[in-house]
Amino acid sequence: MTIIGETVLPGQSKTINMEIARLHTMTKLKIPIIVERSRLEGPVVLFSAGLHGDEINGIEVVRQIITRKINKPKRGTIICIPVVNIFGFVNKSREFPDGRDLNRVFPGSKNGSLASRFAWHILKEIIPHVDYCVDFHAGGASRFNAPQIRIAPGNAELEHLSDVFNAPFTLYSKNISGSFRSACGKLGVKILLFEGGKSLDINEDITREGVQGAKRILAHLDMLNPKKTAHEAEKPPVRITSSTWIRARNSGLFQNKTAAGKYVQKGEVLAHITDPFGKFDKKVHAPYSGYIINSNDAAIVYQGDAIFHISQRVV
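Mapping to UniProt numbering: the sequence shown position 15 is 15, numbers consecutive.
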């Protein structure tokens, strides 16, 4: 296996640093690609995070996979990239320095924008080796995602892998044009997108779900290190085939009463929106019964802001 000119033989461990550009200060920024190969042949699994530089919880999941030596496979190869968007991570920002969202520019271009060049190198140098990928994300803009796997509808193999990962929720959503998930799918990589927590935050429960799910995937592929154990989940994931956003009808202070992951009844009070002067108190009601799969933790909201993501149809 050769990545960016570095060869990794069966039984070898190697950290390969991908350098594509520098900061404006001429400081080098390296993206460590951590490769662990077994002496036994088997699949290649990629665990990636930090595609958005401010989504720290996913980075923590991959970090734990490495530090707990879960990435040392019984057979096959495990590639870990804890921080894909190293520029955004340095700046605690979602975007690249050129203002672009890396997760909207795939497959990228060798001579395009900075983000586009990164996307091109990832697809050219790494993805051709990969059979399976779990890409870890978190909610943005103070919105907390319940732990969930997102897959495109109509793919029985991904449905099965999602059941194996066994996050509390599986959300069916179409691949977005320009996304890493879409690009991997077109290249034949079986990819699961994990969402959990919110940006610039680390949550132990979310991290635990991510790590345990990764272990279940490796156990399913007969790749899990024999010294490690994949714990079975207590119940299968809730499959959500349709969902919608509840938006704020007023601007004001947001008094959120409902955590992500909760099942609510139609008409239930989810939150209050108040003004700072004690003039009004507007209740936010559930439009129908369903699971809250994203909950806004912001203290202030504006009219039209997305405040809750609620399931509409569950199978």
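Hints in this document: simulated from the structure, not taken from any laboratory. Treat the hints with caution; some may be incorrect.
[What the hints assert, rightly or not] Distance windows between CB atoms, simulated:
#1 Ala259 x Asp281: 18 to 26 Å
#2 Ile4 x Lys227: 51 to 59 Å
#3 Arg313 x Met26: 50 to 58 Å
#4 Gln303 x His220: 40 to 48 Å
#5 His285 x Ser173: 41 to 49 Å
#6 Gln265 x Ser109: 47 to 55 Å
#7 Glu232 x Ala21: 38 to 46 Å
#8 Pro153 x Glu268: 55 to 63 Å
#9 Thr27 x Val315: 37 to 45 Å
#10 Gly5 x His285: 57 to 65 Å
[As the list claims (entries may be wrong)] Listed next, the in silico DSSO-like pairs over lysine-lysine satisfying Cα-Cα at most 30 Å (straight line):
#11 Lys262 x Lys283
#12 Lys282 x Lys262
#13 Lys69 x Lys235
#14 Lys14 x Lys262
All values derive from a computational prediction rather than experimental measurement. The beta-carbon is built from N, C-alpha and C at its ideal position, and this holds for glycine as well.
Which numbered hints fail: Numbers 2, 5, 8, 9 and 14, in rising order.
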